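Peer 1: What follows is the residue order along each chain.
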Amino acid sequence: MKRRNFLKACLIGGTTIAMGKTNKGWASGSFEGYPESMGVLVDTTRCIGCRSCEAACNKEQNLPEPDTSFDDKSVFEEPRRPTAKAYTVVNQYEKQKPGGPVYRKVQCNHCNEPACLTSCFVNAYTKTKEGAVIYNSKVCVGCRNCMIACPFNVPGYDYESVTNPVIKKCILCYDTRLKVGKPPACVEICPQEALTFGHRADLIKVAHERIRSNPDRYVDHVYGEKEVGGTSWLYLSGTEFDKIGFDPSLSNDPIISNVKDFLGMVPMVLSIWPALFSGIHLLSKHDAGSEGHDTESKEEDR
Amino acid sequence: MSSYKQLIVAALSLGAISVSNPPAAFCAAVPDSVTLNEKGTLYKPFSFNHAKHIQQLKECAGCHHHTTGTLVLDPECARCHQNSSPTAVVSCKGCHSSKPFSPETLAEKHADKQRYHKDKMGLKGAMHQSCIGCHQKEGAGPVGCQECHPRTAAGEAFYSSSRLGAKPAHAKEH
Ligand code: SF4
Ligand code: SF4
Ligand code: SF4
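In order, the protein sequence lines correspond to chains S and Z.
Residue numbers for the first sequence follow this note's numbering, beginning at 1 and rising by one.
Residue numbers for the second sequence follow this note's numbering, beginning at 1 and rising by one.
A few of these clues could be false.
As the list claims (entries may be wrong) - Using 25 Å as the maximum straight-line C-alpha spacing, the simulated SDA-like pairs for lysine to any residue come out as follows:
no. : chain 1 : residue 1 : chain 2 : residue 2
1   : Z       : Lys39     : S       : His221
2   : S       : Lys129    : S       : Pro98
3   : Z       : Lys118    : Z       : Ala78
4   : Z       : Lys113    : S       : Ile204
Note that these hints are calculated values from the structure, not bench results.
Just so we're clear, the structure is a prediction, and the values are computed from it rather than from any experiment.
Take these sequences, add in the hints, and give me the full structure.
Peer 2: This is the structure we're talking about:
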């Protein structure tokens with residue numbers, strides 16, 4: 001077990017036990033997402049890596065000025081992850097391949113059963129009926145449990161604000177757009193319609209239809225339909241998903257199910273969890289020290 | 001039915017004229033140039049040389065599907081549109097909406113489970129994929145954003161790393 005996954009399990013398990021039970025309202029594996037949930041289908045075969053979506057997100061969410069302009073293609077040299085200053089990033093893969101490179105936009109996937117939400121002990125997170133996973137920065141205590149719990153390495157930590165350090169991430173443009181039925185800013189600007197906004201249920205059908213009518217163009221899989229219990233953002237790809245930065249080890253069980261498995265071991269856990277917690281504490285301190293608080297641009301699993 | 005339409009339909013069914021030479025039959029209705037991106041805010045409008053593309057491609061269906069009455073190239077479309085006659089509207093925007101994700105469109109798609117063209121691209125996506133896709137495939141023609149449409153001042157500010165262009169200058173001072 002990777003150290004990170006171990007930490008994840010411990011934190012979620014620990015939090016759950018500390019609260020006595022999961023009070024998040026749904027049984028693991030049975031929640032199909034809200035029926036009226038919206039979503040975005042990302043067709044990576046259409047993306048040209050123009051980074052317009054990044055620029056649009058920056059303006060829509062009033063994010064700080066980027067270090068370099070959105071025309072800067074040198075950012076593609078290393079895969080990036082979303083940060084508190086950039087809720088979405090476009091990465092380049094398969095650079096040398098014929099037909100390549102392949103680009104993929106990364107942001108919060110807005111899980112049906114969000115691990116960030118289940119791991120947050122101050123209940124800062126909410127899954128809205130439109131499908132967005134949003135958070136209340138006023139109650140966030142900056143503990144970073146959600147950063148560890150998220151299977152996609154999404155939440156970013158705002159190190160700039162010392163007085164009120166908070167987690168920041170893509171909110172599916174909930175406040176300004178989704179709430180009133182408008183498409184997210186990144187979707188609206190995409191020149192290639194690599195991003196398709198719609199009802200999640202419709203998007204799943206559209207995605208399978210694209211595969212059916214163009215079997216040579218796509219791998220026969222819709223990423224996010226089932227992974228970790230389903231996500232609002234869905235992906236199509238022309239190359240194997242692990243080649244474009246997806247974690248192939250994620251199962252279809254929501255992360256919350258790990259909690260259930262973990263609870264199966266309760267007697268053992270109960271007796272050792274204080275010890276586990278101090279271990280975690282030490283580990284995370286070590287973590288912060290060695291990486292100099294610069295986890296923003298680093299992929300922990302790479 | 002207009003006479004040219006009759007002619008085309010008749011000609012097609014007889015195989016009398018070659019579909020590779022449609023301009024002869026259409027010349028009256030076909031524009032030589034089209035202004036695209038008319039309402040652009042980040043990129044300027046520009047003139048698309050339609051005549052040159054007709055010269056080089058000789059195949060309406062490559063861009064216009066079945067709407068000009070020519071045989072469709074995509075076998076998927078041909079399943080229904082094998083014998084479709086020309087449509088009243090042939091311009092891209094006649095079918096591809098400039099607001100493909102408006103609440104009204106999405107509600108309509110969601111309600112109508114039988115709808116076939118559920119995945120019809122919006123205008124912007126259709127144009128870019130058609131142009132860039134073909135230019136890439138043919139190894140000819142522009143593929144970069146500003147090679148077709150230069151940016152406006154607002155566009156430059158939008159993509160730049162500084163907000164100088166977007167904000168009053170004093171907002172930058174710390
Ligand atoms: S992708 Fe991560 S941050 Fe987004 S909803 Fe899922 S668990 Fe939460
Ligand atoms: S949905 Fe909104 S917040 Fe999320 S990446 Fe797109 S523009 Fe940014
Ligand atoms: S705007 Fe669209 S095409 Fe451009 S990088 Fe983003 S997803 Fe890809």
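Peer 1: For each hint, tell me whether it holds in the structure or not.
Peer 2: Each hint tested on the structure:
At most 25 Å may separate the alpha-carbon atoms for a hinted pair to count; Lys39(Z) and His221(S) exceed this at roughly 38 Å. Between Lys129(S) and Pro98(S) the alpha-carbon distance is near 42 Å, which puts this suggested pair outside the 25 Å criterion. Of the supplied pair hints, the one linking Lys118(Z) and Ala78(Z) holds, its CA atoms being roughly 17 Å apart against a limit of 25 Å. A hinted pair counts as satisfied when its Cα atoms are at most 25 Å apart, and Lys113(Z) with Ile204(S) qualifies at roughly 13 Å.
In this structure, the hints that do not hold are numbers 1 and 2, in rising order.
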